[in-house]
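Let chain W serve as the given structure and place chain X on it in line with the hints.
Each chain, letter by letter, is given below.
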Amino acid sequence: MSSPILKLIAQRIALGVLLLLAVSVLIFAGTQILPGDVAQSILGQSATPESLANLRAELGLNEPAYVRYFTWLGGILTGDLGTALSSGQDIATSIGGRLWNTLFLAFWAAVVSIPLAISLGLLAVRYRNGWVDKLISGLALASTSFPEFFIGYLLVYFFAVKWQLFPGISTVYDGMPFLARMQAIALPAAVLTLVVLAHMMRMTRAAILNVMQSAYIETAELKGLSAIDVIRRHAFPNAIAPIINVVMLNLAFLIVGVVVVEVIFVYPGMGQYLVDHVAKRDVPVVQAVGLIFAAVYITLNIVADIGAIVANPRLRHPK
Amino acid sequence: MLDIRRIPIPALIGLILTALFLIAAIFAPLIAPYGNGQIVGDVWEPMSSTYLLGTDNLGRDLLSRMIYGARITIFIAVLATALSFSLGAILGFTAAVVGGWFDTLMSRFVDLLMAIPTLIFGLVVLSVLPSTIVTLIMVMGLLDSTRVYRLSRAVAVDINVMDFVEAAKLRGEGTVWIIFREILPNALSPLISELGLRFIYAVLFLSALSFLGLGVQPPNADWGGMVKENKDGIVFGIPAALIPAAAIAALAISVNLVADWILNRTTSLKGGRG
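Going line by line, the protein sequences match chains W and X.
For the first sequence, the working numbering gives the first residue as 8, with consecutive numbering after it.
For the second sequence, the working numbering gives the first residue as 429, with consecutive numbering after it.
Take these hints with a grain of salt, some might be off.
[Stated by the list, open to error] With beta-carbon atoms standing in for the labels, derived distance ranges:
id, chain 1, residue 1, chain 2, residue 2, range
1, X, ARG693, W, SER144, 16 to 26 Å
2, X, ASP660, W, PRO56, 38 to 48 Å
3, X, GLN645, W, ASN61, 26 to 36 Å
4, X, ASP591, W, THR226, 36 to 46 Å
5, W, TRP170, X, ARG693, 36 to 46 Å
6, W, ASP181, X, TRP529, 48 to 58 Å
7, X, ILE435, W, ALA99, 56 to 66 Å
[What the hints assert, rightly or not] SDA-like mimics (lysine to any residue), calculated; alpha carbons at most 25 Å apart, straight line:
id, chain 1, residue 1, chain 2, residue 2
8, W, LYS141, X, ALA674
9, W, LYS287, X, LEU642
10, W, LYS287, X, ALA674
[As the list claims (entries may be wrong)] Derived list of chain X stretches under chain W, where covered just means 3 residues or more per stretch with a C-beta under 8 Å from a C-beta of chain W:
id, stretch
11, 539-545
12, 554-563
13, 670-679
Don't read these hints as lab results, they were simulated from the structure.
Treat the numbers as computed from the prediction; the structure is a model and nothing was measured.
C-beta atoms are modelled at their ideal positions from N, C-alpha and C, and glycine is treated no differently.
The following block holds chain W by itself, in its conformation from the complex:
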């Protein structure tokens, strides 16, 4: 661990911050593309000119777009996400608990799915071209084709309605006992796990197969190393970088999948909050939540890159 690695990591983080800044411009611009303006779309076609003018003044729409952008960005950097148009509440306060709920759900889905996917991927390599392998590629086809709500409502139909094992609606509140909370998120976490599992499994399988077929593995086997040593000394260090990448990509996917899953289970998280306010055309909330989702997504991608740099010495010397 010498300074070139730190320099590379610092570069990667700086690039990520720049990207995030560009993304904030894009998200802001994305809500300005309407030929009319936000005030018009909130009040509808039947609005009187007076109420339109009032709302415009209230939202600061009379300023040019770039001034509004910098005001917005300045607010976010100082922790002020603005106020929701529909309820007049402070966005940062409403988001706090919800962000935690979403991360809690995504965290447990990740805790279950990552070890499961990696061990199933190893199994698929061990029994490749056998029935385990075929079953896994069948599952992967299904999981890329099934919408989240199909898996979600199937689980609700059987586990919540027919067999009554878990609640079909995930109510959580502050001060809820840990076990009750775990039972509430069991089904949504299971859906998220199923959604990312097959993909992660298949990519792990490909990464390990790729390594196992290289010449140095054959050499190691031929020079008489035991199977465990081959994996520990030669296969694992080379497979770890692609696996980290797979895991991070799927965590980023989890963050998006969470939107639909939260709506299925009426779970009080960020996704539900975003969807509600898109329907209400509450632009400040949509901008803030969209930016937070994008930030999490970009951060996970940076972590994936840094993991790859640390795990793979070849990436430390870019041309």
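Frame of chain W; chain X shown alone:
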């Protein structure tokens, strides 16, 4: 040239199912036993000989709604895919042929768009746009064209350095000729297998948007919208919402099977390249 007996069974199943969905979509008014918005019975009646799939949350025949839903779902997904393909492929080819600042600008902009999860950015944009089918198609097509752009640019960069393109350039052909007469025919086969995947993605994206209540607006409904309409029945043990959800899954799987088969066929035709 194409022997039906030589089509592998999964691909055959995929082809037949896809064809059935297409027929249902095209001839919807002829096949559907009842009208799309026609209320024919009680709320959530079970499956019976009169209502083959039962009735929905307002007492409309579910089978008829499914058939009209196929039409809306496939219509929007096909148009969005067509838009994303023509836009992404033309821009991608142009970027590869022209190069220089145009290439850099386009590629960095696409990188930027792809740094935001598609569903999230779609929701951000839809929060200010009017909810019509045209906006839906435009938003879906534009967002998805980023992926087509990357693929077509990568393919075209390889073709662009081939001798026949060089010859055309020396002959003095213009950029438009090179893109449509030299690059396009040679890039077609990798793009066609991508077409199937993009179509599936469009179906799933549309269903997700409609399920969230931001896609097709009532009284019309695509399959995702029908899941939304009937989802409240699930907790009472009424499986009406599962039927459109399963239809989305079936359509996606069958197109996937066909796309896989086409991909294998085109790569083996090229002597195993790629």
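Each hint, compared with the structure:
1. A C-beta distance of roughly 19 Å is found between X:ARG693 and W:SER144, which places it inside the suggested range of 16 to 26 Å.
2. Between X:ASP660 and W:PRO56, the C-beta spacing of about 41 Å keeps the proposed range 38 to 48 Å intact.
3. In this structure, X:GLN645 and W:ASN61 meet the distance hint of 26 to 36 Å, their C-beta atoms being roughly 29 Å apart.
4. Between X:ASP591 and W:THR226 the beta carbon distance is about 40 Å. The supplied range of 36 to 46 Å therefore holds.
5. Look at W:TRP170 against X:ARG693: about 45 Å separates their beta carbons, and that is inside 36 to 46 Å.
6. Distance hint for W:ASP181 and X:TRP529: a CB-CB separation of about 54 Å, consistent with the stated range 48 to 58 Å.
7. Checked against the hint of 56 to 66 Å, the pair X:ILE435 and W:ALA99 passes, with Cβ atoms roughly 58 Å apart.
8. With a C-alpha separation of about 22 Å, the suggested pairing of W:LYS141 with X:ALA674 holds against the 25 Å cut-off.
9. A distance of roughly 11 Å separates the Cα atoms of W:LYS287 and X:LEU642; the hinted pair therefore holds under the 25 Å criterion.
10. Between W:LYS287 and X:ALA674 the CA atoms are separated by roughly 30 Å; this puts the pair beyond 25 Å, and the hint is violated.
11. Beta-carbon proximity to chain W at under 8 Å applies to 5 residues in the stretch 539-545 of chain X; the threshold of 3 is reached and the given coverage holds.
12. Counting residues of the stretch 554-563 of chain X whose C-beta sits closer than 8 Å to any C-beta of chain W gives 5, which meets the bar of three, so the coverage hint holds.
13. Coverage of a stretch by a chain is defined here by at least three residues with a beta carbon nearer than 8 Å to that chain's beta carbons; for the stretch 670-679 of chain X and chain W the count is 5, and the condition holds.
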